[in-house]
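Trainee: Chain residues, written in single-letter form:
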Amino acid sequence: MAEIVPLAEAVERSVRDGDTVAMEGFTHLIPHAAGHEVIRQGLRDLVLVRMTPDVIYDQMIGAGCARKLIFSWGGNPGVGSLHRFRDAVENGWPAPLELEEHSHAGMANRYVAGAAGLPFAVLRGYRGTGLATQAPNIAEITCPFTAEKLTAVAALRPDVTVIHAQRADPAGNVQFWGITGVQKEAVLAARQSVVTVEEVVPELDPRPGAVVLPSWTVGYIAVVPNGAHPSYALGYSVRDNDFYVAWDAISRDRERFGQWLDEHVRGEAPGGLLDGGLPAAGAVAAGAALAGTGVGAAAGQFQGSQA
Amino acid sequence: MAEIVPLAEAVERSVRDGDTVAMEGFTHLIPHAAGHEVIRQGLRDLVLVRMTPDVIYDQMIGAGCARKLIFSWGGNPGVGSLHRFRDAVENGWPAPLELEEHSHAGMANRYVAGAAGLPFAVLRGYRGTGLATQAPNIAEITCPFTAEKLTAVAALRPDVTVIHAQRADPAGNVQFWGITGVQKEAVLAARQSVVTVEEVVPELDPRPGAVVLPSWTVGYIAVVPNGAHPSYALGYSVRDNDFYVAWDAISRDRERFGQWLDEHVRGEAPGGLLDGGLPAAGAVAAGAALAGTGVGAAAGQFQGSQA
Amino acid sequence: MTEATGGADGYSADEIMTVTAARSLRDRMTCFVGIGLPSEAANLARATHAPGLVLIYESGTIGAKPGWLPLSIGDGVLAETADAVVSVPEIFNYWLQPGRIDMGFLGAGQIDRFGNINTTVVGADYNAPKVRLPGAGGAPEIAASCHEVIVVLRHSLRAFVEQVDFITSVGFGEGRGSRERLGLTGAGPLKVITNLGVLEPDPQTCELMLTGVYPGVSVPEVQASTGWDLKVSAGLAEIPPPSQDELTALRALIAVNPNGGAS
Amino acid sequence: MTEATGGADGYSADEIMTVTAARSLRDRMTCFVGIGLPSEAANLARATHAPGLVLIYESGTIGAKPGWLPLSIGDGVLAETADAVVSVPEIFNYWLQPGRIDMGFLGAGQIDRFGNINTTVVGADYNAPKVRLPGAGGAPEIAASCHEVIVVLRHSLRAFVEQVDFITSVGFGEGRGSRERLGLTGAGPLKVITNLGVLEPDPQTCELMLTGVYPGVSVPEVQASTGWDLKVSAGLAEIPPPSQDELTALRALIAVNPNGGAS
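Chains as they are written, first to last, in our numbering: chain L, 1 to 307; chain C, 1 to 307; chain U, 1 to 263; chain A, 1 to 263.
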């Protein structure tokens, strides 16, 4: 049975330093507010999992939460590079970031295997690519009927999956609709889950295209209106495309990023715990003077590869 | 692009003697009218595929359409045995029926593999059961990451899949809702498809829980109101439970079955072709005097195994 | 169909069987339910002591709350009252297979001393069966993957056999350790509930033994209906008869069934 | 970002590139579309000669009909105008993987003489890249499974290289026969459309050769922007400039984009 609690409590009770944390939402319904809470609580050494580590993980990586990233596409959709992500990979700032990268199809199937209680999933994928040799958790598998060679990917089983949804009911059933992405699989694959919602309504009337996660499959629910911003919740908000464009400049510079973090994340206290184990804000921004990362080249060329 | 045509034409253009034909619908939306059309057209030697070959396949098997049945549960749900099915298996009447049987999970995953363009699917299933050794298309497979032993099932790729849906639009997009079963997978796994619908509407407004099959994934659409009877179409009809109960007596006796077939299937001509290649009605009922099949024992005990 | 033996205090053997099965379900459990006796018992539990019981049918209906006994696992009432309706592949792959369901509730054609279930064929030759049964359905994976399993069926020599003619669904296989060797994640059939009493696996051998009888039922009577040398538990208990509330609820449930019961 | 070279008759190099890409799409095709240049071209085709083009985005929107260029593959307008919205696992497993999609429309960071695509890292050492690119996304399986693939990217020596630093998505691998050996079911990148002209694989070797140039573009100019010895097709054609209708439609499409184009 899901418990409805404040966001800070949901994160405090579910996420530990070093955990494997998946925050999913495919452009739509990205749990930004929960990501900010993870930053505020000063969590460290996380293995972050996400198909499209866009602005939300750029912020968490830049804030020093992550030790490793498991992903399939890391960019600012329609805008360009993720500068904090690139700074971590190219310059080890604020800390080195280990990468495990896949294709979207591979990541989606890794969640499917996790949700299905299987140790692996099979797909036509990776064959002939550098990914197949670069990443672990990818193996060749032979069809026992046709002898055809295919690819197996290992199941993903996050310690915690975090998503944002439109609604829950008082019993803790969760409902989301629109582009529903891989969130059902990500929640069902995880040991624990946190769902932020726009609102709690007395009853979840059926909606076209809606996914319902029964209360007994969810850990914690926190009511956070507009908790996906700058992503959106269909029926509640629209995607703040201006923010994604603005993020390019904010994130390009370490110092400006640090200021933004202080002002817009660490300065906000949606549910207490503000002073719980946080590093001093100055310490995070300290490395900014070392910048000059040379990022930003060719962003326009590379974004097309998002497909 | 789907073509909207009369039912007789849809069946005539898509099904050939000897084809592998899947008619799906999980209790809900069973394409009975299309099954009757297959009987009327006198199709023979079909390999019939269906998770739950209930009354619809009892009729088709009794009418002599089938050479082989690939299935996972053959009963009259909530009532008892399928007497025509049992007569074919136990006494070879009207013709011997080869069986390939699976579990529901195995059949569902065989369709999934077919829909996904994979030669096989993996599940935790069959291990320790007699099915694993009895049926082909089941093999042990080892996880390349954990060395765990699991089960692989071969993809199902029917020549034709036939389903019933609530609605289509003039462009041939198909929509169905309620218990949607395995129909999406069965259509996507097949080379060709026939969809009977309750009605064609100008526009398919979104419905909660609806599956939409785009026109370009469907072969033929035929408008057949109440085409699922005695099964039902949520929002259009209710399940005719009385018919399922009555079927027990109708189907128990070869002669009575033959009469029913003449009256309710062969006697109806929804779209021409009535005289196209049909055996004389008398020939079908001829074996009835040979009956005495001893069926009906223990039906009450066995139905519980449907779950 | 087995004739129900008349019960002592105005209840039938079938009624105490269903009531006993219902009592095995705890509130808020998730329960994968087959049609027939299992569905009757699960819906009785939901109508009495376990209002928060989550009923899951293989048609993909999760949290169905039917107001009467459905005749089939795909009745419209199941979809209309469910918390969620998912596809058939999904119900097996995402919900049953990972061990997400607490209880599997099965019927059986034959059952043997190690709780293995046959719903495929009666007779030694698969290709020339004496009786062709419906087949596996969802049972093999329910038996494999639910945390625990309850089997409900009426006692008879035909049904309770030394060894089943065909293993459709694995109980304890060849005895203790079999499930582990096969990689089956659930605990197996922890209770077999019949119209005479209750059988449970011996913790040492996993052989089913008699652990409870209904009022007025003798041990020899049960043994005479069992096709193996049925051992009796040292802690054999007499199972309490249905309460008036339980009987009333069960009869109300059956009375509103449009087809007069799913038996 | 590459500066668009000014076109002859009042159109830019980027505009003729997008128009040429759009012309490669036929009406009623199904087309798996990436954001950026591919999405621009596909939406232009739908707005002009191919109104029945079925746009499929990896966010799970099938048959999306956006009225403007979406900034991301998950913009609300895609879901709201789609014939069907499916989950991300489903779009890859049931729709892309089986070869159900006619055309895949990709961008690229680097591309090599055999049409292999790199969107992962620039530099020889994966662990210490000169430039970290976004990664694979859906591209490897789009490149593998669509019936055919079109790649759209701007010409430069940095982008058109003898051999990519990292094969993110396979074009023709090491040349003719590679795709078959790898079991890739689609035909591969049959066109690479740039801001200078069009490259297509040599039917014998699968090496990309120049088959078309835009008005005012010389062959040496294209060769000077290509990092390998670019062969020229015997049937080299001059590609017709955009028509006024095409230009008007393209500019209208970009003008209504809330964020001024997906560049």
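Read the hints as simulated data drawn from the structure, not as lab findings. Since we're looking at a predicted model, the values are computed, not measured. There may be inaccurate statements among the hints.
[Said to hold, decoys possible] Cβ pair distances, simulated, as ranges:
hint: 1; chain 1: C; residue 1: GLY235; chain 2: U; residue 2: LEU190; range: 39 to 45 Å
hint: 2; chain 1: L; residue 1: ALA246; chain 2: A; residue 2: GLY10; range: 47 to 53 Å
hint: 3; chain 1: U; residue 1: GLU80; chain 2: C; residue 2: VAL201; range: 56 to 62 Å
hint: 4; chain 1: A; residue 1: LEU182; chain 2: C; residue 2: MET1; range: 48 to 54 Å
hint: 5; chain 1: A; residue 1: GLU221; chain 2: C; residue 2: ASP205; range: 52 to 58 Å
hint: 6; chain 1: L; residue 1: ALA246; chain 2: U; residue 2: PRO51; range: 49 to 55 Å
hint: 7; chain 1: C; residue 1: GLY92; chain 2: L; residue 2: PHE145; range: 27 to 33 Å
hint: 8; chain 1: L; residue 1: ALA246; chain 2: U; residue 2: LEU182; range: 56 to 62 Å
hint: 9; chain 1: C; residue 1: MET1; chain 2: L; residue 2: LYS149; range: 32 to 38 Å
hint: 10; chain 1: A; residue 1: GLY177; chain 2: L; residue 2: THR146; range: 18 to 24 Å
hint: 11; chain 1: U; residue 1: THR81; chain 2: C; residue 2: ASP205; range: 50 to 56 Å
[Said to hold, decoys possible] Straight-line C-alpha distance at most 25 Å; calculated DSS-like pairs for lysine-lysine:
hint: 12; chain 1: L; residue 1: LYS149; chain 2: C; residue 2: LYS149
hint: 13; chain 1: U; residue 1: LYS130; chain 2: C; residue 2: LYS68
hint: 14; chain 1: L; residue 1: LYS68; chain 2: A; residue 2: LYS130
hint: 15; chain 1: A; residue 1: LYS191; chain 2: A; residue 2: LYS231
By construction, the Cβ of each residue, glycine as well, lies at the ideal position given by its N, Cα and C atoms.
Trainee: Each hint: holds or not?
Mentor: Hint-by-hint comparison with the structure:
1. Evaluation of the 39 to 45 Å hint for C/GLY235 and U/LEU190 yields a pass: the beta carbon distance comes to about 41 Å.
2. At about 33 Å, the beta-carbon gap between L/ALA246 and A/GLY10 misses the expected band of 47 to 53 Å.
3. Our hint of 56 to 62 Å for U/GLU80 and C/VAL201 is violated, since their Cβ atoms are close to 22 Å apart.
4. In this structure the supplied range 48 to 54 Å is violated for A/LEU182 paired with C/MET1, their Cβ-Cβ distance being about 32 Å.
5. For A/GLU221 and C/ASP205, the Cβ-Cβ distance of about 54 Å falls inside the hinted range of 52 to 58 Å, so the restraint holds.
6. For the hinted restraint 49 to 55 Å between L/ALA246 and U/PRO51, the CB-CB distance of approximately 52 Å keeps it satisfied.
7. The hinted window of 27 to 33 Å between C/GLY92 and L/PHE145 holds, with their beta carbons roughly 30 Å apart.
8. Range check, L/ALA246 to U/LEU182: Cβ separation about 58 Å, and the 56 to 62 Å hint holds.
9. At about 35 Å, the CB distance of C/MET1 to L/LYS149 agrees with the hint of 32 to 38 Å.
10. In this structure, A/GLY177 and L/THR146 meet the distance hint of 18 to 24 Å, their C-beta atoms being roughly 21 Å apart.
11. Checking the proposed 50 to 56 Å range against U/THR81 and C/ASP205 shows it is violated: the Cβ atoms sit about 23 Å from each other.
12. Note on L/LYS149 and C/LYS149: the hinted pairing holds, with a Cα-Cα distance of about 19 Å set against a maximum of 25 Å.
13. Restraint check: the Cα-Cα separation between U/LYS130 and C/LYS68 comes to about 20 Å, which is no more than 25 Å; the hinted pair holds.
14. The suggested pairing of L/LYS68 with A/LYS130 holds, with an alpha-carbon distance near 20 Å, which does not exceed 25 Å.
15. For the given pair, A/LYS191 sits about 15 Å from A/LYS231 by alpha-carbon distance, which is consistent with the 25 Å threshold.
Checked against the numbered hints listed earlier, the structure breaks hints 2, 3, 4, 11; every other hint is satisfied.
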